[in-house]
Every structure is written in C-alpha cells, then in structure tokens.
Amino acid sequence: SRQMLPRVFLSQPLQNGVSRYTCQLKRITLKFCKFRPNSLGAREFIENGDFLEFARANPQVACYLKPRRNRPPVLQAEFANGSVQLARIDSFPAEFVRRWFWLMRGRSGDDLLPLHENLRSFHPSVQGVWTPFTFGRSVGLGDLPDSRHRPMSPSATELIQQLHRLQSARMS
Amino acid sequence: MHLTCPLWVRRIPKIYRNNDPFYLRNLYLQFSFLFRGRSSRCFRLAEQRVIKAFQHMNAMRAVRKDRFKQLCDERIDAACAQHGIPGKMLVDGLGRMNIQLNRKMLQQLAIYEPYSFKSLTDLVKQYHSELGIVPPNAEPPAPVVTRGLLQSPIVPGNRKYYE
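Sequence lines, in order, name chains A and B. Start counting at 1 in the first sequence, then tack on 852, and there's your number in the working numbering. Start counting at 1 in the second sequence, then tack on 6, and there's your number in the working numbering.
No lab work stands behind these hints: they were computed from the structure. Mixed in with the good hints there might be a few duds.
Stated by the list, open to error - Not everything, but these chain B residues come out facing chain A in the computed CB check (under 10 Å): (1) LEU30; (2) TYR34; (3) GLN36; (4) ALA84; (5) ALA85; (6) GLN88; (7) TYR118; (8) TYR121; (9) SER122; (10) PHE123.
Said to hold, decoys possible - Covered by chain B, per the in silico footprint, the following chain A stretches (three or more residues, Cβ under 8 Å): (11) 853-859; (12) 973-983.
Even for Gly, the Cβ is constructed at its ideal location relative to N, Cα and C.
Next comes chain A alone, as it looks inside the complex (with noise of 0.2 Å):
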C-alpha cells in the first residue's frame, strides 16, 4: 500500500551523470556451489569467461567469487550508498547471470520504490509551459455566473426550493 511504499521520484545520489558519471557499483559477489544443478548457471557464466569479461570492462568494481557449498546462487551487490542488493540466480541460465551483472553495474543503490514516473527533468518544456496567455487570451474569458458552467448536482438553495414546491404541491 503506499502509505508502507510511498511514491518516488526518480533522482541519482547526488546528482550522478550531471556533470560526471561514477559507477555506483562498488564490490559483486557471486556466490555459488561447486556441486548442486542449481548453480550450474553461474559455474557456465564463470567458465564461459563473462566473469573475467565484465571484471575487466569494470576495474572500479571489486568482482569476487565465492564457491559455498550446499547453498543455492546468490549475487551480491554492494553500492557506493552503503546498501546492498541480493538476486536470486537459482536455477539460471548462464546468459540470464550474465544479464544479472550488467544490470546491477547499472544502478545506482536506491531502493527500488515504486514511481510517480518513469522520466524526471527539472527543465521538461523547451517552448514553454502553457499559460491561459500561451495563444493569446483566448480561454478564461467571459462574465460569471456562466450559463455553461451548470453544476451536475443541485446547490442546497435549489434543493430547498425543490423541496418547498413538492411539499406545497402535496398540501393543496
């Protein structure tokens, strides 16, 4: 409910990528057991060589392997905020790890909230925000009360007087 997960707006710790852009991602764990047939996903990515190749393309990430025996995969994500983000590759595909891994060198940390919306920018409009001056004065225009602004419901005043009629009507 969202009085338990509010609604968020995008943002980057401290606006990462105005200006420069830091990997947020510090240390990766995969942890895996050498022997179950669930973690034959992640022993394929390790010697299929994705592993050595995203430790490679990422020097800033501190890529670790840590084989434990009897327990199911489990990747480990540590981040430049302090938090740290857990998947469950349990039964994966070598190429869905792979993925796993890309992905979390993508984000930022954050806990994943839900969102008022996908996009944020604090300059949205190029030609200007619409004003009722936009294209001349052409809405707001007129006198009040307006015939065709008629309220769906009847004010109290009227249902008075609807009430006071119908009560007449039944005394005579």
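Fit chain B to the supplied structure of chain A, relying on the hints for placement.
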C-alpha cells in the same frame, strides 16, 4: 488422542517451519505499522485492516489506469478546445495519419510543448478539410503543405509507392 507411531512423528512440527503464532501475527503487523490507532499494534484488529488494504490495492490497479486515461482525455479535450476541435477528433485523426502518439504523450505535449500541440491540431484540421469535413467553431489552420501524403501516409508497407 491416540495416534500410531508414524502419525505422531508427522505431527511434530519441523524445526525450520515456525508454527509459533508470533510469526503469522508479525507478518500482518509488518503491513499495519503505519495504520492509525490500535490497528497498527493489535493483531486481531490489524488482520482485518490489512486484508481490506490488500483488497483495495488489488481493486485500485484497474481503477488507476482508468482514472489516468480519463485525466489524459480531459487534458487533451481542454487543449484541443482552445484550437477548435474535439479531443476525440485529434486522437482519431492522428491515428488515421499513422502518427503514433498515445494519450499520455499528447497530454504531455499539450502542457509542456503547446506550439507542437497546436501544429498537431493543424495537421488534423488539414487532414479533415482534405476529406471535406470541417470541424465546427474552428479557425482555418496555418497553411500545411501535405502533397497528398496525409491521405496516404508512408507506412512501412507502402513505402514502395514512393520510391
């Protein structure tokens, strides 16, 4: 109750399956911790409120989409009314010309890019005037050079006619 040995063994709760009532109640209270009053503290009240909150969350998913669509329609209608055409005509006309802008983008353009939106309304007016349909209360649009392309837009399928 007298049970045979195998059934007695099965009845013993497993070590790693927590049967203590605390765990279920804590689950509900985790969801209710921001509620008002005792519903946030007492399980017997929280259970009812949390179940109702889940029902609301479920029901609101479809309603939220409908409401957003209504909002977009209202905004497009209001913006089009300033240029003299109904909002439905804009959406329909753009679709016929294979200009793929959905309601969400149209309302964003209407708010943040009003001159682009005006040019879209001009396009739609031109399209309809080429067909002989004159929108009521409409100013004549700025001259739009179409070369007949509005009636037969270049879509991936008919590109060969223009080569």
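Hints, verified against the model:
1. LEU30: With Cβ-Cβ at 18 Å, over 10 Å, it is violated.
2. TYR34: Given a least distance of 12 Å, the restraint on TYR34(B) is violated.
3. GLN36: At 9 Å from the nearest chain A Cβ, GLN36(B) passes the 10 Å test, so the hint holds.
4. ALA84: 9 Å, holds
5. ALA85: 7 Å, holds
6. GLN88: 6 Å, holds
7. TYR118: 4 Å, holds
8. TYR121: 5 Å, holds
9. SER122: 7 Å, holds
10. PHE123: 8 Å, holds
11. 853-859: This one holds; 3 residues, not fewer than the three required, reach chain B with a Cβ under 8 Å.
12. 973-983: Coverage by chain B holds for the region 973-983 of chain A (7 residues, Cβ < 8 Å).
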